[in-house]
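Go ahead and model the full structure; you've got the sequences and the hints to work with.
Each number in this note's numbering corresponds to the 1-based position in the sequence shown with 136 added.
What the hints contain is simulated information worked out from the structure, not anything from laboratory work.
Where is the CB? At the ideal position from N, CA and C, for every residue including glycine.
It is possible that some hints are incorrect.
To be verified - What follows is a list of derived Cβ distance ranges for each label pair:
(1) Arg201 / Thr302: 22 to 30 Å
(2) Ala290 / Ser192: 17 to 25 Å
(3) Glu227 / Glu257: 44 to 52 Å
(4) Ser229 / Gly177: 37 to 45 Å
(5) Thr256 / Asp230: 31 to 39 Å
(6) Glu332 / Asp141: 29 to 37 Å
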Amino acid sequence: MSRFDGRVALVTGGSSGIGAAVAERLLREGAKVATLDLAEGGPTAALSLTGDVRSSQDITLAVERAEAELGPPSVLVCSAGITGDSLRTVEVSDDEWRRVLAINADGTFFANRAVIPGMTERNYGRIVNIASIAGKEGNPMAAAYSSSKAAVIAMTKAIGKDLAGTNVLVNCIAPAVIETPLLAGMSEEHIRYMVEKIPMGRLGGVDEVAALVCWLASDECSFSTGATYDISGGRAVY
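Here is the structure:
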């Protein structure tokens, strides 16, 4: 497959989990890929950049370096994120609330904003933001995480409409619980609750998510923007 021949992609959170799986698939399908994460890692064939998505300056520098070394990014996948601590609402501190929202919501917005000028100037781009079923339904013990992912869904809708007159398409996905290192930060009670709500009765796989993301990031996706795509094993009802 060579859907991404000649394309340059930037994947935030690309050192592990969904981001790493997406980066690997993009590479297999012909893209040049840069990853941005706090820690080095991810596919060896990718340009590994380190930075904090909470910093708009770090993201701007990453976009500039990706363009200098690989070419102008035409694909952005925002996968950087954290679940936050499993806490009841009254137990969530100010710092914990701000930490989760800053990484999941601010980081996604900063990355979208950073690539849009170049994509619109070239009249081509595909942006895929990673949200969550929690952003639609709200999960107990996860007020900050659920809120942050609802923000990702809403900003995707807004940005998609802003750019609807261009060839820059912006969509997001809303996975149910996926087997990634993020699960290490959740309580067994929290994970069990999420799996029990999935009619298929299992965790999702990162390769399954990567397949959907890469379709949305390709030319095959041509008449969808501002949309939320579920990958939830039957959990999503709208």
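The hints, checked one at a time:
Taking the beta carbon of each, Arg201 and Thr302 are about 25 Å apart, inside 22 to 30 Å as hinted. As the Cβ distance of Ala290 to Ser192 is approximately 19 Å, the hint placing it in 17 to 25 Å holds. Judged by the Cβ atoms, the range 44 to 52 Å given for Glu227 and Glu257 holds: they are separated by roughly 46 Å. Checked against the given bound of 37 to 45 Å, the beta carbons of Ser229 and Gly177, roughly 29 Å apart, lie outside it.
The hinted window of 31 to 39 Å between Thr256 and Asp230 holds, with their beta carbons roughly 37 Å apart. For Glu332 paired with Asp141, a C-beta distance near 43 Å fails the hint of 29 to 37 Å.
Violated hints for the displayed structure, listed by number in ascending order: 4 and 6.
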